[in-house]
Each structure stands twice: as structure tokens, then as C-alpha cells.
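The chain contents come next:
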Amino acid sequence: MSSHGHSVPRVWSLSPREIATDGTRRIRELGSLYRLGIIIAAVLAVVGVISLIAGPLLQGYSDRSVWTYVTAVFFFLMSTVAAAPCLSVALRLARGHWRRPVNRVAEIWAAALIVPAILFFVLQGAHPSSADRNSIWMGWPASPWLWSSIMMIALVVCGYAFLYISARPDFAILRDQVDSNPNGFFARMAGPWRGTLKQWAVHDRALSLVGVFYIMLFIGMMTIIASDFIIGMVPGYHSSIFPVYWVVTSFQAAIALTLVTSAVLRKFGGAEKYLELDQFWGLSKMLLAFGLLWFYFWWSEFIITWYGRMPYEVNFLKFMFFETYLWLFVMVIGFCFLTPLFGLMWNFIRRSYMGPTIVGSLVLVGNLADRIRLASMGTTVDDIYAHYFLEVPDTHFPGVFDVLLTVGFIGAAVGVVLVAMRFIAVPSIWEVTGGIWLRAQRQYKKAEVIVIGKPE
Amino acid sequence: MSVRWGMVIDLDRCTGCQACVVACQAENNIPINTEDIFHQRRAIEWIRVERYWEGEYPNVKARYIPIPCMHCAQAPCESVCPVYATYQTTQGINMQIYNRCIGTRYCAVNCPWHVRFFNYWEPRWPDSLHHQLNPNVTVRSRGVMEKCTFCIQRIIRTEQAASADGREVEDGEFTTACAQACPTDAIVFGNLANSESRVAQMAADTDRGYQLLDTLGTDPAVLYLKKIDPDASEQAESH
Amino acid sequence: MQERHSLRGEAITKELLRPLTQTPMVFWIAVIILGGVLSAFAFAVGWMFYWGLGTTGLNTPIFWGFMITNFVFWIGISHAGVMISAILRLTQAEWRRPVTRAAEVMTIFSLMTAMLFPFLHTGRPWRTVYWVFPYDFERGVWPDPRGPLVWDPAAVFTYLTGSTLFLYTTLIPDMALLRDRSTGWRKTLYTILALGWRGNERQWKLQLVAGILLSALILPVFVSVHSIVSWDFAVSLIPVWHASIFAPYFVIGAVHSGVSAVITLMALMRWLFGFHNYLREEHFDAIGRLLVVVATGWIWFFLLDIIFAMFTRDPRELEVMYMRIFEWPYAMLLAFVFVFAYIIPVPVWMFRKYRRNIKVMFWTSLMVNVGMWAERYWLILPGLERKFEFTFMWSWYRPSIVELTLVFGSFALVTFLLLMFSKIFPPVAVWEEKEGVNFAQDIQVGKRTVHATIREE
Numbered sequence: 062m063s064s065h066g067h068s069v070p071r072v073w074s075l076s077p078r079e080i081a082t083d084g085t086r087r088i089r090e091l092g093s094l095y096r097l098g099i100i101i102a103a104v105l106a107v108v109g110v111i112s113l114i115a116g117p118l119l120q121g122y123s124d125r126s127v128w129t130y131v132t133a134v135f136f137f138l139m140s141t142v143a144a145a146p147c148l149s150v151a152l153r154l155a156r157g158h159w160r161r162p163v164n165r166v167a168e169i170w171a172a173a174l175i176v177p178a179i180l181f182f183v184l185q186g187a188h189p190s191s192a193d194r195n196s197i198w199m200g201w202p203a204s205p206w207l208w209s210s211i212m213m214i215a216l217v218v219c220g221y222a223f224l225y226i227s228a229r230p231d232f233a234i235l236r237d238q239v240d241s242n243p244n245g246f247f248a249r250m251a252g253p254w255r256g257t258l259k260q261w262a263v264h265d266r267a268l269s270l271v272g273v274f275y276i277m278l279f280i281g282m283m284t285i286i287a288s289d290f291i292i293g294m295v296p297g298y299h300s301s302i303f304p305v306y307w308v309v310t311s312f313q314a315a316i317a318l319t320l321v322t323s324a325v326l327r328k329f330g331g332a333e334k335y336l337e338l339d340q341f342w343g344l345s346k347m348l349l350a351f352g353l354l355w356f357y358f359w360w361s362e363f364i365i366t367w368y369g370r371m372p373y374e375v376n377f378l379k380f381m382f383f384e385t386y387l388w389l390f391v392m393v394i395g396f397c398f399l400t401p402l403f404g405l406m407w408n409f410i411r412r413s414y415m416g417p418t419i420v421g422s423l424v425l426v427g428n429l430a431d432r433i434r435l436a437s438m439g440t441t442v443d444d445i446y447a448h449y450f451l452e453v454p455d456t457h458f459p460g461v462f463d464v465l466l467t468v469g470f471i472g473a474a475v476g477v478v479l480v481a482m483r484f485i486a487v488p489s490i491w492e493v494t495g496g497i498w499l500r501a502q503r504q505y506k507k508a509e510v511i512v513i514g515k516p517e
Numbered sequence: 512m513s514v515r516w517g518m519v520i521d522l523d524r525c526t527g528c529q530a531c532v533v534a535c536q537a538e539n540n541i542p543i544n545t546e547d548i549f550h551q552r553r554a555i556e557w558i559r560v561e562r563y564w565e566g567e568y569p570n571v572k573a574r575y576i577p578i579p580c581m582h583c584a585q586a587p588c589e590s591v592c593p594v595y596a597t598y599q600t601t602q603g604i605n606m607q608i609y610n611r612c613i614g615t616r617y618c619a620v621n622c623p624w625h626v627r628f629f630n631y632w633e634p635r636w637p638d639s640l641h642h643q644l645n646p647n648v649t650v651r652s653r654g655v656m657e658k659c660t661f662c663i664q665r666i667i668r669t670e671q672a673a674s675a676d677g678r679e680v681e682d683g684e685f686t687t688a689c690a691q692a693c694p695t696d697a698i699v700f701g702n703l704a705n706s707e708s709r710v711a712q713m714a715a716d717t718d719r720g721y722q723l724l725d726t727l728g729t730d731p732a733v734l735y736l737k738k739i740d741p742d743a744s745e746q747a748e749s750h
Numbered sequence: 185m186q187e188r189h190s191l192r193g194e195a196i197t198k199e200l201l202r203p204l205t206q207t208p209m210v211f212w213i214a215v216i217i218l219g220g221v222l223s224a225f226a227f228a229v230g231w232m233f234y235w236g237l238g239t240t241g242l243n244t245p246i247f248w249g250f251m252i253t254n255f256v257f258w259i260g261i262s263h264a265g266v267m268i269s270a271i272l273r274l275t276q277a278e279w280r281r282p283v284t285r286a287a288e289v290m291t292i293f294s295l296m297t298a299m300l301f302p303f304l305h306t307g308r309p310w311r312t313v314y315w316v317f318p319y320d321f322e323r324g325v326w327p328d329p330r331g332p333l334v335w336d337p338a339a340v341f342t343y344l345t346g347s348t349l350f351l352y353t354t355l356i357p358d359m360a361l362l363r364d365r366s367t368g369w370r371k372t373l374y375t376i377l378a379l380g381w382r383g384n385e386r387q388w389k390l391q392l393v394a395g396i397l398l399s400a401l402i403l404p405v406f407v408s409v410h411s412i413v414s415w416d417f418a419v420s421l422i423p424v425w426h427a428s429i430f431a432p433y434f435v436i437g438a439v440h441s442g443v444s445a446v447i448t449l450m451a452l453m454r455w456l457f458g459f460h461n462y463l464r465e466e467h468f469d470a471i472g473r474l475l476v477v478v479a480t481g482w483i484w485f486f487l488l489d490i491i492f493a494m495f496t497r498d499p500r501e502l503e504v505m506y507m508r509i510f511e512w513p514y515a516m517l518l519a520f521v522f523v524f525a526y527i528i529p530v531p532v533w534m535f536r537k538y539r540r541n542i543k544v545m546f547w548t549s550l551m552v553n554v555g556m557w558a559e560r561y562w563l564i565l566p567g568l569e570r571k572f573e574f575t576f577m578w579s580w581y582r583p584s585i586v587e588l589t590l591v592f593g594s595f596a597l598v599t600f601l602l603l604m605f606s607k608i609f610p611p612v613a614v615w616e617e618k619e620g621v622n623f624a625q626d627i628q629v630g631k632r633t634v635h636a637t638i639r640e641e
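Protein chains in written order, with our numbering: chain A, 62 to 517; chain B, 512 to 750; chain C, 185 to 641.
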């Protein structure tokens, strides 16, 4: 087995001590760049909150189209921030070796779950009751508000629990190496963790259980959001594939987010020893696969509707893709499908730092455009009680507050994650160290090979 | 002159006598639908009369609706055929080529009006009826689809006669077997594209017109006329 | 903990090639029984060709029945091969090694069987051969590319070609092995099939690259095949068929039934050929875990399909939905699908103890496929029975004895072909097994020894 002549990644030649030192650096000292990042994010968050109050909140809930961009930024945060932990869970379940440094980069975004949650509760006011209209709730009492809120709270709690369980061994390391105060933050978070065999066994179990539960909650929540905010709000639109498209594109955005975060951490976060070509390669292969899946799910929806040629179906095709939101849609198909396809189909681009980062950023832009398109569709059809619409509604354009609010809340989510990095080691110390134990370089016949341990 | 053959069926005139069904059967060499065939639910009726009830006992009224092929301009059956055995003629007729048909039956599956029929068996007639068969119409073998053709053999014959005389086909010069047989003149056949023709005028003038399953957007060439019965619609609303 | 067997080269070769030379009694009994069913199958086909489709239970408007259901089912089974070998190869899952060959062969045979059915079910099969293939360019008469029934053969034959090439690529080293160890007609056959394989470094490298390329290229085909089969239904206007979710729903259902069929096959091979050292509990364990994920994904699609059909409150959709959820026999069938394809097997697979129990795995996987056959029937038939509001044309469907024979015959056909294959080609890839053994290493972590493998690149 030749290794294509690639150099051996540096991360696996580090000692556990070096990893611990690197991992705790941001926690021991506050860099000036890091401080600047937090300040900018805080300013953006304030701008976001002010424009939310000055814009939609002052105009009230009577006109749903005012809430378009609040919905859009909520969608975008759900498909990036809330989807990223799912990536971490999936990679752990698949037991790839390269994923170890990546996991924390993805799951740290769970810290920002509070931002979409706040937006969700603000948006509940703009939501009509599910009685007498197309809805998965079939007019249940207190639906959709009560039941979707319960799901949302469960999702947020589960996300934080997942992050906490995953970070717990690291808290113990920090307790022992950075802050030895027995009543300090890290000591409290780590609790009685000593790293015994039993504790590790329980930890592994809990991590995968909570993780799987998080994925299920996420998929359930996304199905509800898809139905309540989009499918139920566009008369005649009853595409059963849409929730799947919605979840799959969210995973795509989560991969892109993880790639971009990794690139930023390499550049500014001192993680260049950890997030190496192996990781970018692995993630960009996944991004390519999800780019293809993007097209598959879109096409499956399109071909059925287009072939059926029923007038109301043709109308929502016009509405979604070909007339009202044509340019947004062109942007989405360009950034979410064509860019990953033509960019990442080349191995030399996949195996680089720059290529996947650029493609990842474009996918994020495309995803935002897609979410704006879908949010605009969901909030601008007047008569949501009709069975279908025969006139295609007009395009909805954003105002100044809409733009500020979108930028502001995305900034807020980034800010929360930046703050979380003060307390949680990125990349995870225990996971990278564990990877070193399970890896060896050996001579096999004439070749130098990498041997990877597979416990269980 | 552009041609789109079409039909107007006045349901307020229809008595449900089934003369159209019988006429069609005789004209188009359709095998005899025996009791056995009906039990197999494989009867072939290019035009059939559906009966439904309006109102509730004792105020119940029997209603009839003859259903031939709609000859849709955007026919769902055409695009699904793998071998082009069904296609749209330039005169707006949805045509079946028996020779090309391989019998996938997809067209019938995708026809919302159920007006396409499959020959499950080799068609047979009693000896006494062998000389009755129409020589201008193909006898279909088993394994192919068949359907209403708007009596294409009559259309062709009239067109040929007209072109031999060097003139256009006149409205009412011929009609389909079902229209010809209808005792109450409920079925009118003609060229929808000719605004002078009787069908076109009936279609234009009426406020009773509707099309079956028009929400599917297939643009059928058959228009139904039906006055809305105030009694029945009141009753329907009260439920 | 994995059990590690210290098998070495020659022992592996001997054991894995045993089915080619030794024929147990069970084999002959199976051949006789299957031969009997196959003669009935041939007779039924002849009968149907002679008398026409009147001999089936089809009617107006139920133009599609058991044969189409069976077609969809076998296409579904064929998704096992690529799922197991291509995806697991690309993700470098070590446990795929003993399973790949059987899964790929099953793919090919089930595809061939599946394609038989749309052909048999046409009114004039002889014409189908004549028209669907665009052979006659002189007259300019082509098949209609708008028709889903033209997309179908295109996708299926692409998949068949791809899978066959893929299987053949992985077969070459074994052919060379057999060539060097056989005499007579077998030697001639294997010499031709081995394509001059000498096992030098360049050949191995080419074989590896070809395998990876084919697995990557075949993946889109794999997804497209069942999607296109699903579009046969979904592009039509029939209520409950006209659903955009059909494509991924069919694909994931196919993977569910296909991978289950692989388990059944593995258990049978273990029993028939005594491959206890190769098809080990850990392989059943790994596939069981994979299936829990696949089955759960499938149930999500299943529920989405139902929920969003009712979502619209469209009377036609509701009519059919009502029938297929609450009315006999579809209510029964629905319960059957749920219980057999999900409620019993998945909780069982949650337990490591049962995943490692071959008997349990055999019966649950068989159960899944019975359930999935019923699921295809449940999906396809109710839409045809009601369709639109023309009550005179509402109908029901009972399969005739001819159709039943065809369905049972298709199972016999695939099993028979698999048995015949195992007499000529090794049913477990010998080179892949040896590669796995050679790659096996140990790593010392503290006081523990952990099993490890050399990473493939």
C-alpha cells in the first residue's frame, strides 16, 4: 500500500503533553485578535437585536411578510449551527480515524444553539393556529406553538448536554493543568472525573446515545420547521420530499461550516498542527457527496412536479424556481451544487486547504440564499388557507433592518462560539490524544504503512 | 383551416339509454362484453355511461354521464408511452397505433378518466357476427391498448370525399357513431377550431359548461353541459 | 472484542475453494427442488405467452399487479451489492471483505431477474424486444425518451453493466488462483477469465484503481436506478403515487431489503459451505448495526410519505389513504409491513447479543424481506384501485395462479443462479480475505493489545 507519497500528518507525531499545551492555549491567555473577534461579534449582536426590535417587533405580528428575514436567519442558523453537532455525531459513529480533530470543531457550534432558539420563540407570534389549514398538526389543540416549542427546547437541552459530555474529559484536563482551584469553573464542570475505565465506558456510551438522540431530535425538529414555516404556508405545495431536502442541505451547510471554521482555526486559532490535509480531504469528500445529494433531492422534487404539469404545480414551480425567486435560485444551484461538483471533483483541490475553504464559504452563501428564498416563500403568500394559488405571488425584497438583522444574528452566533472557545478546548484534547494511542507507523514488507487500531 | 375535433355532451339531455355505447361497439369492432368479461372487470367500452345519484331518498334522481376519451391537448397518456404508440394528431386526436403498441399499459395507468382499454384476451365474435365487422376499422389483437378514436375512419372518409371534390369538410357533414345514435341529440361532435361550427358555438355560448377533472390541466376536447340543480346543491351543502 | 483467527494463506485458499470441488447432499436436494419450481415457472411463462395476459388477475383499471411489485422488489434487492461493496470499500470498512462477492453476485442475478418482469408483463413481449431497443435507424422510429419506461431499461442496463464490470474486476485475482490449481475445462475457463493475471505490482495497482473508480462511478448509477423505478410511479398523476419523496424513499427501502437479503445469504452460505471462519459473528454484528440506521431512515421516509399525502386534505389522496390504512386487506398489510420490516427486527438488532446470533439474524432478515415485498405491494396497488372519482371503475385485484408461480419462480431463479455460481466461482473473495489477514496488525495501548489494520489509501 503506497501512501501516494503524501507526507505523514504532523498531528500524530505530537506528544500528549504538546497536545494539552496547544489545546489549553486559548484558555490560558486571551490573544488580541481573539479579543477583537469577540468585540466585533458583540457589536454585531447588539445591532441585530436593535434592528429586530426596531424592525419587525415594532411593526407587530399582523403582517407576516415583515418577519421574512427573521425567519431566514433562523433557518440559516438551524441549518448551520444546529446541524454541525450532527456531523460530529455521524463522524464518531462511522469511526473514521481522521475525524478526531474535526469533531470538536463541529460540535462547538452547539454552544450557539441559544441564538436560533431565541429567534424561534420570537417567531412563534407570527404563526397562525394550525386549525383549518394544511399542517402536519391536523389542528391539534395548542398546535403548532406548544408542541414545536417543546421539541425546540428538547433540541437545545440535548445539544448542550452533548457538548458538555463531549467536553467533560477536557474539563478535567483543564482543571488539572490550568486552573487548580477546587471551586473553579473547570473543577465544577469536570466533577469527579478521574478517567477510570468505568468512567470512560460510561462516557462513550452516553456520548453516542445523546448524540444519536440529538440527530433524531434535529431531524424531527427540521421536519416540523419545514412543515410549519414553508410547506404549510404555500398553498398547493405538498412536496413530501421537502423535509428531506431541508435536512440534507442542512447537513451540507454543516460540513461547509466545519470546513470554514477549520480554516479560520488554522489561520488564527493555532490549530494548524491538528486540522491538516487529511481532515480537509475527508470533509471535502463529504461536501462533494452532499453537493450531489443536493441536486438529487432538488431534482426528485422538480421532475415529479414538472412532469405532472398540473396548473397549480406549475404555479409553485414558477414561484419557487423559475419566476419569483429565479435569481436566488440560480445562486443556490450555483453555490450549493455546481461549485462543489466542479470544484471538488478534482482530487488536488480536495486535498488542499484553499480549495475546500473557498467552496465551503460559497456553499454557506448559497445556503443562506436558499434559506432567504424559502423564508420569503413561506411568509409572502397571502391566503394560506387556500388549497392552491392560481396567481404567482410577487418577489419580496429586504429592507435595511432586514439586512442588519441577518448580519447581526449570524454575528451573535459566531460571538457565542468565540466565547465558548474560552472554556472548551478546540480541538478536543482527549480525542486527539486517543487517536495517537491507536495509531502506529510500521514497516510492512518494503513500504512504510500506517496502522490504525480498531478497538471493539 | 385548422382542425381540432371535439365534442359537447349535454348532460341535461342525456337519458342514460346507452345507445351511444352500443353504436360505438358496432362501429369500432369492439369485442362483445359478455357477462363473464364483466365479472373479470375487463370490459371494453370506448364510451361508457356512468350513473350516479343526486339527492337522498325519496328525493333521489338518477344522473348519467357518458365518458368517451377526452382527447386531451396535453394528454398524460402520451408522454409515458415508451414506443410512441400513442400520440397527438395535428387534428387534436389522441391516437393509438395498435401495431406499435407493446402493451406496457402505462398509458391506461396514467389516464385519470379510465378510457383506455387493454385486450386481455384475443377478441372473439360469435359466427353470426363475423360479417357484421366494420371493414374500415382494425380488429385489435390481444396484448394491445385501444381507445376511442372519435371514429377516425369516418373523419378520413369524409375528408377524402371533400378533397376529391376540392372543398373543405362542412360542419355536420358527418358525425361519430355515438353522436349519430343519440336519440336526444345530447352528443354533438365537430371542429372546435372552426368558430362557425355547432360544437364551437355551443361551447362558446353556454354558461353550463365544465370539463371533467379540469384541475389536472390536460385541456380535454370534450365539454359537458350541465345545469346546476339548485335542490341537489342545497342538499349537498346541508351535509 | 474481535475474534482473531490466525489463518494463513494456504488454509484460506483450501477452505474458500472447497465449494467448487465438494458438493454436499443438501446442494443436490436444493437443485432438484429449485429445478421443479423453475419448470413450473417456465410453464407459467409459456402459458401466459400463449393465452395472453387474461390468465393473470389484472383488470381495468388495475393494469399493474404482482409482476410490477416483484420487479420493484428485485431491483431493491440488487441495491445490496453496491451498498456493501462500493460504499464500504470507499469508507474502508474492514468487515466488508467476506461479504462483497456474494453481495455483488446477488446484485447481478437479482437485476437480471428483475428485468425479466417488465418484459413478461407487457402485452406483446416479442414486440417489446423489437421496439424498445432502437435498432432500426433507417425508419427513424425511436423509443420515446420522455417515457419513464425508456429511462428504466437505460438505468438498469447501465447498472447491470457497471456491476458486472465491478464484479469481474474483483474476480480476476481469484480466477488466476483457480487457473493455477485446476485442470480440464475449468482450467481453460479460468485461463480465459484471468486475463493473464500474474499478480505483479502493476497489475495489483491497476486492479485497485479500477475497483475504486468503478465503486465511485457506480454510486450515482446505484442511486439513479431505484429513483427511476420510483419515477415510473411518481411522474404519473395517480393520487398517492404522485409524491416527490418516492425516489429517495424507494432507494432507502431498497437498501433496507437488499442488505437484509445479504444477511440471509451470509447465514445460508455459512451453513451450506461451513465458512465459520470467514463469515463470523462480528460481520453479522456490523451489518446489523448498519441496518438499524438504514431501517430507521426508511421508517422516517415511510412516515413522511403518509403524513404529507394527508397534509393536503385533498379528497382523492384522502380516499386512497383511508383505504390503504383502514380497509381490508390493506390495513392488514400495513400492519404486516410495519411489524415485519421494522417493529420486530430493529429492536432485536439493538442488542449485541442478538446481532451476533446467526439464527436470529437469519430469521429477522428474512422477515424484513417478506415485509418489504408487502410494502411494495402496499405502495403500488391501492393507488390503482381507486385512482380518481369514477366509481364505476373502482376495482380490486386477486393474483392468479400464473402470477403466483412467476413470483415464486423468481425467487427460485435467483437462488438457483447463486448456487450455480458457487460451483464455478469462489463465493467469498479469496484475495480479499487474504489481504485482510495480511493487513491485520496489533497495537499496544498501555497494557492492552488492540486489533489494528493497515490503512488503505
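Among these hints, one or two may not hold up.
[Unchecked claim] Below, simulated DSBU-like cross-link-like pairs (lysine-lysine); rule was C-alpha separation at most 35 Å, straight line: (1) A/Lys506 x C/Lys198; (2) A/Lys346 x C/Lys198; (3) A/Lys328 x A/Lys515; (4) C/Lys631 x C/Lys371; (5) A/Lys259 x C/Lys389; (6) C/Lys537 x C/Lys389.
Think of the hints as simulated: they come from the structure by calculation, not from any bench.
Against the structure, the hints come out as follows:
1. Annotation: proposed proximity of A/Lys506 to C/Lys198 holds, straight-line Cα distance about 25 Å (limit 35 Å).
2. Using a Cα cut-off of 35 Å, the hinted pair A/Lys346 and C/Lys198 is violated, with the two alpha carbons roughly 40 Å apart.
3. Straight-line distance between C-alpha atoms of A/Lys328 and A/Lys515 comes to about 32 Å, which keeps the hinted pair within the 35 Å bound.
4. For a cut-off of 35 Å, the pair hint linking C/Lys631 to C/Lys371 is broken: about 51 Å separates their Cα positions.
5. At most 35 Å may separate the alpha-carbon atoms for a hinted pair to count; A/Lys259 and C/Lys389 exceed this at roughly 45 Å.
6. Under the criterion of a C-alpha separation no larger than 35 Å, the hint pairing C/Lys537 with C/Lys389 is inconsistent with the structure, at around 40 Å.
Checked against the numbered hints above, the structure breaks hints 2, 4, 5, 6 and satisfies the rest.
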